[in-house]
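Asker: Heads up: the protein sequence lines correspond to chains A and B, in order.
Each residue of the first sequence is one higher than the last, beginning at 1 in my numbering.
Each residue of the second sequence is one higher than the last, beginning at 390 in my numbering.
Treat each hint with caution, since some may be false.
Said to hold, decoys possible - Okay, the calculated bits of chain B under chain A, using three or more residues with CB under 8 Å as the criterion:
1. 459-473
2. 499-511
3. 676-682
Stated by the list, open to error - So the derived list for chain B, only partly shown, Cβ under 7 Å to chain A, looks like this:
4. Arg435
5. Gly692
6. Val770
7. Ser774
Honestly, the hints are just simulated from the structure, not real lab data.
Glycine included, each C-beta is placed from N, C-alpha and C at the ideal position.
2 protein chains.
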Amino acid sequence: MTVIAPAGFEAAGVAAGIKRSGALDLAVVVNRGPSQQAAVVFTSNRAQANPILWSKEVAKDGVVSAIVLNSGGANCFTGPEGFQVTHRTAEAAAAALGVAAGDVLVCSTGLIGEQLDGEVLEEGVLSAVNRLGADAAAGEDAARAIMTTDTKPKTVVVDGGAAGARWRIGGMAKGAGMLAPGLATMLVVLTTDAALEASVLDRALRQATRVSFDRLDSDGCMSTNDQVTLLASGASGVVADEAEFTAALSAACLDLAAQLQADAEGASHDITIEVLGAVTEDDAVEVGRSVARNNLFKAAIFGNDPNWGRVLAAIGTTAAPFDPYLVDVSMNGVRVCHAGRPDRPRDEVDLAPRATHVRIELHAGEASATILTNDLTHDYVHENSAYAS
Amino acid sequence: MTVIAPAGFEAAGVAAGIKRSGALDLAVVVNRGPSQQAAVVFTSNRAQANPILWSKEVAKDGVVSAIVLNSGGANCFTGPEGFQVTHRTAEAAAAALGVAAGDVLVCSTGLIGEQLDGEVLEEGVLSAVNRLGADAAAGEDAARAIMTTDTKPKTVVVDGGAAGARWRIGGMAKGAGMLAPGLATMLVVLTTDAALEASVLDRALRQATRVSFDRLDSDGCMSTNDQVTLLASGASGVVADEAEFTAALSAACLDLAAQLQADAEGASHDITIEVLGAVTEDDAVEVGRSVARNNLFKAAIFGNDPNWGRVLAAIGTTAAPFDPYLVDVSMNGVRVCHAGRPDRPRDEVDLAPRATHVRIELHAGEASATILTNDLTHDYVHENSAYAS
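My request is simple: use the sequences and hints to build the entire structure.
Answerer: Here it is as structure tokens:
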């Protein structure tokens with residue numbers, strides 16, 4: 001079950017011919033209402049793709065009727081012609097659905113700097129609108145159509161509410177490289193049949209992404225096309241409690257973030273970096289990120305080498321307040337460094353499992369944060385050296 | 390010719406038995422005077438090795454008689470015992486040389502978090518002192534003894550002054566991984582027979598490193614053991630002009646930086662990133678660094694893929710003032726992006742040569758900077774995943 005799991009939504013995924021492979025490459029998700037409230041967060045990269053420029057305008061009034069997503073091309077740094085392609089895509093969807101173009105979001109993902117064919121996109125949109133459905137296959141096709149180097153679709157469903165007043169959140173995500181903060185690079189569509197205003201959706205979405213996608217840092221590279229969209233149909237008729245809804249939305253986002261991490265390009269380890277004892281949560285995030293972005297540490301994990309010196313060398317570059325010579329580091333449960341000195345022998349650490357846990361105790365305060373990352377592997381280098389060819 | 394090229398210096402390199410391989414692993418450089426003025430710059434990493442903690446104290450008064458350098462172990466995060474090993478090393482050299490221990494610098498490089506054997510180091514120091522010489526072989530041995538994963542020694546000689554008032558700068562460097570700013574990770578010893586005070590040496594060294602080692606960013610990882618040392622014997626009797634000396638020292642540092650870049654672990658491309666049209670030099674450095682640290686860009690260059698979209702995605706994450714949609718990007722002389730849009734076809738770019746030139750024109754101001762980096766390769770991952778084993 002995917003974005004069509006909550007009541008009020010239809011979806012489709014088609015092969016529009018954007019990808020030369022003939023794979024599914026265009027998805028449409030429609031909110032049939034009764035209400036069309038929405039919230040969207042965008043990449044913080046200043047280099048922004050044309051669909052981001054368009055969608056930012058659409059999202060301003062908190063009303064969104066539909067979203068069109070394509071893989072096979074990012075439509076970024078493609079100039080005014082590229083913007084026209086995005087505009088034409090929204091217009092085509094709007095006409096076919098009988099809604100306003102100003103209520104249609106567009107997302108694109110793929111190679112930067114190549115023009116998309118507006119006619120191909122327009123025909124794809126019409127084909128997708130004709131195939132819209134609320135069955136499982138429709139949701140699955142949509143999730144597959146947004147994949148690039150992803151090896152599998154990522155979907156989630158979370159239920160909320162009480163007996164007689166149930167609501168639901170559904171979601172789909174794509175992303176396998178360029179996973180980095182603010183946001184982890186990806187496209188995500190979340191749907192809910194809860195009856196919530198755009199302002200509530202916006203608060204809930206910002207909180208949920210802050211503790212999920214923003215804590216996923218696969219390779220430190222920030223995308224030009226990131227967009228996380230939350231659409232609410234109100235079809236359940238239930239006004240969800242904001243705190244409960246935010247918690248459920250955070251759970252859905254964390255689930256999708258873990259799926260993105262598990263499918264990161266070429267990775268052989270999923271690394272959870274837990275930072276404890278920081279003065280502030282921001283400090284904990286900075287310390288965790290400095291490790292997540294350290295190529296020497298990431299290569300060591302690939303080689304099943306518990307090289308904790310690289311953890312300390314990485315965190316020593318941060319501005320977070322702590323004494324490097326008081327720090328403890330544990331790897332997969334073995335404390336290899338205590339108070340900035342060797343503790344248990346390295347060879348007690350078993351890094352063979354894919355799931356890797358690094359625990360860093362700063363002993364400077366009470367705040368903590370967890371960052372998700374991956375190792376640096378031969379396959380990562382291979383996939384990213386051959387991407388455009 | 391190396392650190393013994395200027396008059397007043399002797400050096401030696403021996404196999405002390407720190408490296409299991411039996412390779413040269415300990416070097417001593419002695420300043421025989423008549424003066425012992427010196428300047429030193431250190432890593433800006435807060436996680437600092439014991440020899441850094443020691444050497445910072447030694448360097449404070451601007452007087453240095455000798456420097457001991459070992460490979461085979463970083464002596465970092467090794468606690469008070471590790472500091473005692475450094476202290477004992479300096480004491481041993483001081484006693485053998487008849488100088489004060491407080492005038493003996495110590496540098497170490499190798500794996501973090503492993504204790505060095507103080508007795509092995511002391512015996513190595515005595516052996517090296519017994520072999521001190523000012524012949525070419527002595528300087529070459531010293532340059533080899535500080536190598537870790539370096540495939541070749543790095544040395545330089547630059548001459549200065551006018552007829553009848555010549556002076557000379559010699560140098561050696563090690564470093565192949567963890568090459569990153571503030572400083573590029575490495576050990577460097579520079580010698581000169583110019584008669585200059587420590588305060589002049591300090592100004593000259595800070596300026597020279599700022600435009601050379603600080604602009605080299607091989608893998609974004611900052612070391613715990615970086616140290617660049619400049620020793621002046623005054624043996625030429627010539628008080629060099631400060632501006633001329635600074636220029637010559639900068640040339641020597643740039644030469645060594647280029648040798649470090651060319652020998653970076655596993656690299657197949659030496660990438661020069663030239664940033665033009667920035668508002669300030671700091672902005673230009675930030676923009677260049679953001680590209681140098683972008684794994685997706687670096688992997689693309691490894692694959693001979695002129696993926697300029699990754700350049701723009703990288704620079705879009707900076708705070709430097711410029712409009713991403715006015716930027717021009719050229720690769721090896723071919724302008725592939727003009728005003729944020731595709732320009733010449735990608736396939737006109739030949740990335741087969743090892744020397745790679747990326748030119749980024751921001752069109753925001755008059756400042757510029759050049760950053761040196763390397764590509765991200767299978768061999769980089771391999772060497773750094775197997776380092777500790």
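Asker: Against the earlier hints, flag every one the structure doesn't satisfy and list their numbers going up.
Answerer: 3
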